[in-house]
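Trainee: All chains, full assembly: derive it from the sequences and hints.
Quick mapping for you: the protein sequence lines, in order, are chains A and B.
According to our numbering, the residues represented by the first sequence are 1 to 351, in order.
According to our numbering, the residues represented by the second sequence are 1 to 277, in order.
If you are wondering where the hints come from, they were derived from the structure by calculation, not from laboratory data.
From a predicted model like this one, the values you see are computed outputs, not experimental measurements.
You may find that some hints are simply not true.
Unchecked claim - Here are the simulated DSS-like pairs of lysine-lysine, each with C-alpha atoms no more than 30 Å apart in a straight line: (1) Lys-271(B) to Lys-261(A); (2) Lys-69(A) to Lys-171(B); (3) Lys-268(A) to Lys-192(B); (4) Lys-72(A) to Lys-271(B); (5) Lys-231(B) to Lys-266(A); (6) Lys-192(B) to Lys-230(A); (7) Lys-112(A) to Lys-227(A); (8) Lys-28(B) to Lys-268(A); (9) Lys-139(A) to Lys-42(A); (10) Lys-261(A) to Lys-225(B); (11) Lys-28(B) to Lys-199(B); (12) Lys-261(A) to Lys-192(B); (13) Lys-69(A) to Lys-37(B); (14) Lys-112(B) to Lys-76(B); (15) Lys-260(B) to Lys-268(A); (16) Lys-260(B) to Lys-227(A); (17) Lys-266(A) to Lys-28(B); (18) Lys-158(B) to Lys-261(A); (19) Lys-158(B) to Lys-227(A); (20) Lys-125(A) to Lys-37(B).
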Amino acid sequence: MSVETFVTDKAGLITFYEAIMASHETYAPVEKFGKFDFKQVKSLAECDPESPIAKTQSIKPLFFPRSAKVMKYVATSTGTEVSEVDEDPLAVKRVILGAKHCDARALQVLDKVYNWDYIDTDYQKRRENTVIISTRCDKADTHCFCTSLDYDVENLNAMDVLVVHGSDGKVYIKARTEKGSTLLNTEVTRHASRVTEEAAAPDLKKQYEAFAGSFRLKMDYSEVNSKLSKIFDTPEFENVSGNCVSCNTCAFVCPTCHCFKISDEKIKDTGLRYKSYDSCNNGYFTLMAGGHNPRPAKYRRWRQRAMHKFVYYKERFGENLCVGCGKCTIACPVNISIFEVVNQVAVGSRQ
Amino acid sequence: METLLVPMICKVDKVIQETPDIRTYRLKFRDEGMMEKFTFLPGQFVEFSLLGSGECTFCIASSGTRKGYFDCSIKKAGVVTADIHTSIEEGDEVGIRGPFGNWFPLEDIKGKNLLFVGGGIGLAPLRSLIQYCIDNRSDYKDFTILYGARTSADLCYKDEIKEWQDNKSLKVVLTIDKPEDTWTTHVGVVPKILEEIVKPVIENTKVITCGPPIMIKYTIQSLLKLGFADKDIITTLEMKMQCGLGKCGRCNIGSTYVCKDGPVFTNEQLKNLPDEF
Chain A
1 MSVETFVTDK
11 AGLITFYEAI
21 MASHETYAPV
31 EKFGKFDFKQ
41 VKSLAECDPE
51 SPIAKTQSIK
61 PLFFPRSAKV
71 MKYVATSTGT
81 EVSEVDEDPL
91 AVKRVILGAK
101 HCDARALQVL
111 DKVYNWDYID
121 TDYQKRRENT
131 VIISTRCDKA
141 DTHCFCTSLD
151 YDVENLNAMD
161 VLVVHGSDGK
171 VYIKARTEKG
181 STLLNTEVTR
191 HASRVTEEAA
201 APDLKKQYEA
211 FAGSFRLKMD
221 YSEVNSKLSK
231 IFDTPEFENV
241 SGNCVSCNTC
251 AFVCPTCHCF
261 KISDEKIKDT
271 GLRYKSYDSC
281 NNGYFTLMAG
291 GHNPRPAKYR
301 RWRQRAMHKF
311 VYYKERFGEN
321 LCVGCGKCTI
331 ACPVNISIFE
341 VVNQVAVGSR
351 Q
Chain B
1 METLLVPMIC
11 KVDKVIQETP
21 DIRTYRLKFR
31 DEGMMEKFTF
41 LPGQFVEFSL
51 LGSGECTFCI
61 ASSGTRKGYF
71 DCSIKKAGVV
81 TADIHTSIEE
91 GDEVGIRGPF
101 GNWFPLEDIK
111 GKNLLFVGGG
121 IGLAPLRSLI
131 QYCIDNRSDY
141 KDFTILYGAR
151 TSADLCYKDE
161 IKEWQDNKSL
171 KVVLTIDKPE
181 DTWTTHVGVV
191 PKILEEIVKP
201 VIENTKVITC
211 GPPIMIKYTI
221 QSLLKLGFAD
231 KDIITTLEMK
241 MQCGLGKCGR
251 CNIGSTYVCK
261 DGPVFTNEQL
271 KNLPDEF
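Mentor: The structure is reproduced here in C-alpha cells:
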C-alpha cells in the first residue's frame, strides 16, 4: 500500500470535509443536549468532527445498532409468513468523520468475534462500505487510558484516514488503508499538498508525545492480564461491585461490548423480532427457565465483565475487549471506574 | 447476523404428552426440501420460536437416522415454555433456527461399551444418541441405559422405553426417587443405583450423562469414585443461550462458547473451565 501524507491548514481541512459531505453519505458527531452522537449530516454547520471525547458516543451503533429489527412476521390461523425487514440503511457506501481513535480501534477488536465461525455478513458489509476518518486527540481526558492498553495508538491503522493537528496551524492528513488512499486521491488533492513521510514525521511525533504525556491514568495491562487470570475466586470483586445498580449503562456505551438479546413484540397477528444491546451485568442475563442462574450475585457478574474484557477475550481472540476510552466510567451513575476496578482487583491499589 | 437470526417455519406434526409437565413436539419443515438439507448429529440443538412469545434453546431429542422429522421435548419451566405448552397444537407452525453446537464424539465411542445415565428431561439429548446407536447397534459393545426421575409419572418416553426394554441387545435400568405402590423395580437417586445396581464395567466404557445439574454433579462424583477417567465421562451442558452463533455472549464460561464449543463436553474439558455452571 502506498502511504500518502498531505499537509494543509485548518481552512483546508474544512474544505476537505465539505467536499466529502458534498459527494458522500457522511456521518459525524451531532450535538444534542450537550452530548454528541453520530448522525447523517450534509454540512459542517450541523456537526463537530472534533467533538470532545468525553461527550461523544462511540461509532459502534453505526455497525451494531442499539436495537435493530431482525424480521417481521404475520402469524394467522392459516399459516405464518416471515419476512426480513427493509434494506439495511447502514450497509450503503458512507464516510464517518470525527471517529475517535479508540472507537475506530474498537471495530478491529469487534471484527474478531464477528468474523469467527458464523460470519456476521451484515456487520461485515457495513465495515466494508465505510471509510473512517479519525482525528488524533491532542489531550487525554480524565478517564482515558488508551495508551495503557496493548495497541499502538501512535501507529494505529484502525482508521482509513488519519488527521493530526501539527505545529503552527499545520494539519496532516494521512491515508492508512487503500480505501483511505482512494478517498484522499479524489477529495484532498485540491485542498492540500503532498508531503513525504520523512518531512511530516517530526511534527507528528511531537504531537503524539504531547498527547501521550497528558494521561492521568497509566497501568501495565500485560501485568493485569496475567494477574487477573489467576484470581477468579478473589473476594475483591465483591468490594468493587458493591455500588453497582446493574443498569447496564457501561455496556451500552462501551465501543467493544457486543452482547445482545433477541426479543419479540407481537400485536394481534403481526410481530417484530428485535436484536438489542444487552449486558452481562444484567441479573437476568444468564437466568434459565426453571430458575437456575450461574451468576446470581452481582460480584459474579462484575467478575464476568472484568474477566471477559481482560482475560477471556484475550485468550480467545488475542485482544483486550477494552480500548481505554473511559466512556463506561463517564456514564456510570454510581462512579464505578473499570480502570480502578481492574487496578484494585489485579494490582491491589487504587490510583 | 440479522439474516442468521431469521427462523425457518416448521409444522408441528405431533404432540406427545410425556409427563405432566413435558411434551414432545415432532416437527417437519413446511418447505419439504428443507427437511432434506437439515442434517444434524446427536447432541446438537435448535433455537425454537413461538413467534410473539420468544425463542428458546432445545436439544434435538431424536436422531437424524430417523428421517423426515425431528423432535424437541419441552418441559414447562418458564414463560416461553409455558406459552408453548398452552398454545401449540398439532398442525401449528413454529420457527426453527439451527442445528447449532457440537455433537457427541461419535468416533470416540465406536467399538466401546456405552453407559447412558439420564435424569428427568435430561434423557432428551441422550435419546438422540441412543436412537443413533441403536440404529448402528453393531458399532458398539454392551449398551446400558440407566434412567431416573422423581416419580414414575415423571419418566419421559415411556413407550419408547418399553421398546428399549424389549430389545434384547440393551440393558435398561429404571429408578424413581421414592417408593410407589405400583413400582416394582429400583428406588433411589441415580448415582446410588449406578453404584449399587448397575456396577458398570470401567474398561473400554464411555459414559454419557445428562440430567438436572445436581444429578450430573453427583453422577460424575460416583463415576470418578468407580474409577472412570475424566475423558470417558461425557455430558452436555445447559446454559442460557440466544443466538447459537457464538456472538451474543450469553453462554460464555470463561473463553468457551457453550453454543459453539459445546454443548457436549468431556469431564476432562469441564475441569478446565471456571467453576460457573
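Trainee: All the hints need checking, so say for each whether the structure fits it.
Mentor: Right, here's what the structure says about each hint:
Straight-line distance between C-alpha atoms of Lys-271(B) and Lys-261(A) comes to about 29 Å, which keeps the hinted pair within the 30 Å bound. Restraint check for Lys-69(A) and Lys-171(B): the C-alpha separation of about 51 Å exceeds 30 Å, so the hint is violated. Of the pairs offered as hints, the one joining Lys-268(A) and Lys-192(B) is violated, with about 51 Å between alpha carbons and a cut-off of 30 Å exceeded. Pair hint Lys-72(A) plus Lys-271(B) does not hold up; C-alpha atoms about 43 Å apart against a cutoff of 30 Å.
Under the criterion of a C-alpha separation no larger than 30 Å, the hint pairing Lys-231(B) with Lys-266(A) is inconsistent with the structure, at around 46 Å. Proximity of Lys-192(B) to Lys-230(A) is assessed by CA-CA distance (about 36 Å); at most 30 Å being required, the pair is judged violated. Between Lys-112(A) and Lys-227(A), the direct Cα distance comes to roughly 24 Å. Compliance with the 30 Å bound is thereby established for this hinted pair. Between the alpha carbons of Lys-28(B) and Lys-268(A) the distance comes to roughly 26 Å, so the proposed pair stays at or under 30 Å and holds.
For the proposed pair Lys-139(A) and Lys-42(A), the alpha carbon gap of about 28 Å is at most 30 Å, so the pair holds. Taking the CA atoms of Lys-261(A) and Lys-225(B), the gap is about 41 Å. The hint is violated against a cut of 30 Å. Our distance criterion of 30 Å between C-alpha atoms is broken by Lys-28(B) and Lys-199(B), whose separation comes to about 40 Å. As the CA atoms of Lys-261(A) and Lys-192(B) are separated by approximately 40 Å, the hinted pair breaks the 30 Å bound.
Of the supplied pair hints, the one linking Lys-69(A) and Lys-37(B) holds, its CA atoms being roughly 27 Å apart against a limit of 30 Å. Distance check on the hinted pair: Lys-112(B) and Lys-76(B) sit about 35 Å apart at the alpha-carbon level, beyond 30 Å; violated. Proximity of Lys-260(B) to Lys-268(A) is assessed by CA-CA distance (about 36 Å); at most 30 Å being required, the pair is judged violated. With a CA separation close to 28 Å, the supplied pair Lys-260(B) and Lys-227(A) stays within the 30 Å bound.
For a cut-off of 30 Å, the pair hint linking Lys-266(A) to Lys-28(B) stands: about 24 Å separates their Cα positions. Distance check on the hinted pair: Lys-158(B) and Lys-261(A) sit about 37 Å apart at the alpha-carbon level, beyond 30 Å; violated. The suggested pairing of Lys-158(B) with Lys-227(A) is violated, with an alpha-carbon distance near 52 Å, which exceeds 30 Å. Annotation: proposed proximity of Lys-125(A) to Lys-37(B) holds, straight-line Cα distance about 27 Å (limit 30 Å).
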